[in-house]
Amino acid sequence: SQQGEEDPQALSIQEGENATMNCSYKTSINNLQWYRQNSGRGLVHLILIRSNEREKHSGRLRVTLDTSKKSSSLLITASRAADTASYFCATGSGNTPLVFGKGTRLSVIA
Amino acid sequence: NAGVTQTPKFQVLKTGQSMTLQCAQDMNHNSMYWYRQDPGMGLRLIYYSASEGTTDKGEVPNGYNVSRLNKREFSLRLESAAPSQTSVYFCASSEGSLRGGSPLHFGNGTRLTVT
Numbered sequence: 001s002q003q004g005e006e007d008p009q010a011l012s013i014q015e016g017e018n019a020t021m022n023c024s025y026k027t028s029i030n031n032l033q034w035y036r037q038n039s040g041r042g043l044v045h046l047i048l049i050r051s052n053e054r055e056k057h058s059g060r061l062r063v064t065l066d067t068s069k070k071s072s073s074l075l076i077t078a079s080r081a082a083d084t085a086s087y088f089c090a091t092g093s094g095n096t097p098l099v100f101g102k103g104t105r106l107s108v109i110a
Numbered sequence: 111n112a113g114v115t116q117t118p119k120f121q122v123l124k125t126g127q128s129m130t131l132q133c134a135q136d137m138n139h140n141s142m143y144w145y146r147q148d149p150g151m152g153l154r155l156i157y158y159s160a161s162e163g164t165t166d167k168g169e170v171p172n173g174y175n176v177s178r179l180n181k182r183e184f185s186l187r188l189e190s191a192a193p194s195q196t197s198v199y200f201c202a203s204s205e206g207s208l209r210g211g212s213p214l215h216f217g218n219g220t221r222l223t224v225t
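Chains as they are written, first to last, in my numbering: chain V, 1 to 110; chain F, 111 to 225.
Extracted from the complex, chain F is given alone in its bound form (with noise of 0.2 Å):
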């Protein structure tokens, strides 16, 4: 039972470059989510999807787009990277309703460096 998997674990980009980071959950669950992590700045929500079907802006959405391909797998795109975006991304997913308070599971993170 792998839970949370993210892909790449690290990646390097140069400016203007594009990439897709990748993420699976096998836990059959609803919602997942797309956070960055910034030192000092906590947790931010980029973008989330409640259920199969819908996605929807966080609190940075801007230069990102995502995909739920499926109900297993949440894809997040960078067009045109640039360095603002060196971050450590982290997916989650969580079984029930926004409402609810389903616990978050969270992957161990991909590290991206824009240069």
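Looking at chain V on its own, in the form it has when it is part of the complex (with noise of 0.2 Å):
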């Protein structure tokens, strides 16, 4: 069963505005790591976050996780067309694989 649940499912925005997904997650969790998946393609790895740190930045990219709240976000700052895509958060909980939520499909408009 899903672990992540990505809010929201769907996000439309402007080319050079901000753009925040959230995940949430029910159980404890070893790390936290967000994917990107572009249109008949396979997913990408963007960023992966541990439990014990709250925030990473990579690029344009800034994630957060509240290991209290069980909940974790994505921004992606002054987004791009090349930025439409889903997104997908994946947990890490003890020695087993990660688990994938449902996404959030990104529309960037220029």
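Listed below are the simulated SDA-like cross-link pairs for lysine to any residue, each with C-alpha atoms no more than 20 Å apart in a straight line:
| id | chain 1 | residue 1 | chain 2 | residue 2 |
| --- | --- | --- | --- | --- |
| 1 | V | K102 | F | E169 |
| 2 | F | K119 | V | V44 |
| 3 | V | K70 | V | I49 |
It should be emphasised that the hints constitute simulated quantities derived from the structure, not laboratory data.
Each of the two chains sits in its own frame; use the hints to bring them together as a complex.
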């Protein structure tokens, strides 16, 4: 069963705006990862945050993790049309494989 | 450097037919995975192999079998295809242990339709 649930399911913004996606999960985790999927392609890893970390940055991406609320957010700043894709969170717990959420579809309009 | 290669890219089967989806990685990764992706359902794990010689069931293993042929290759077999197995199948690999949280590297998928 899905561990992470992304919110919103779909998001449409103008180029240059910031996009924020949220992920909530149910059980304790070792790490949380975000992936991007362009249409018709496989998922691509974006960023990993461990359970003892609160925030990480990678280029225009900022990820936060609040283990007390069992939630994470992915912020994409100054979005571009090329950022149009589906974004998935995935949680790692114990010695088991990643469990993926259902994803957020982001549309960036030029 | 190809990463994770899946074949075929597309396949149409009739109910009851069998087929094997092939996956190979050239990154010397230890762990390999098979996921299926259905609209509105996200990715669900079918089987995984944490290391060469081991395989384990995931969330939705019924109707599938796997073989970790060697460190590079991990195949998924449908013995008797059913329309419910119409999906996009993704193979992935990761370098380290499951606990370590190694990122997954994905292939571009096999789009399977069962009529």
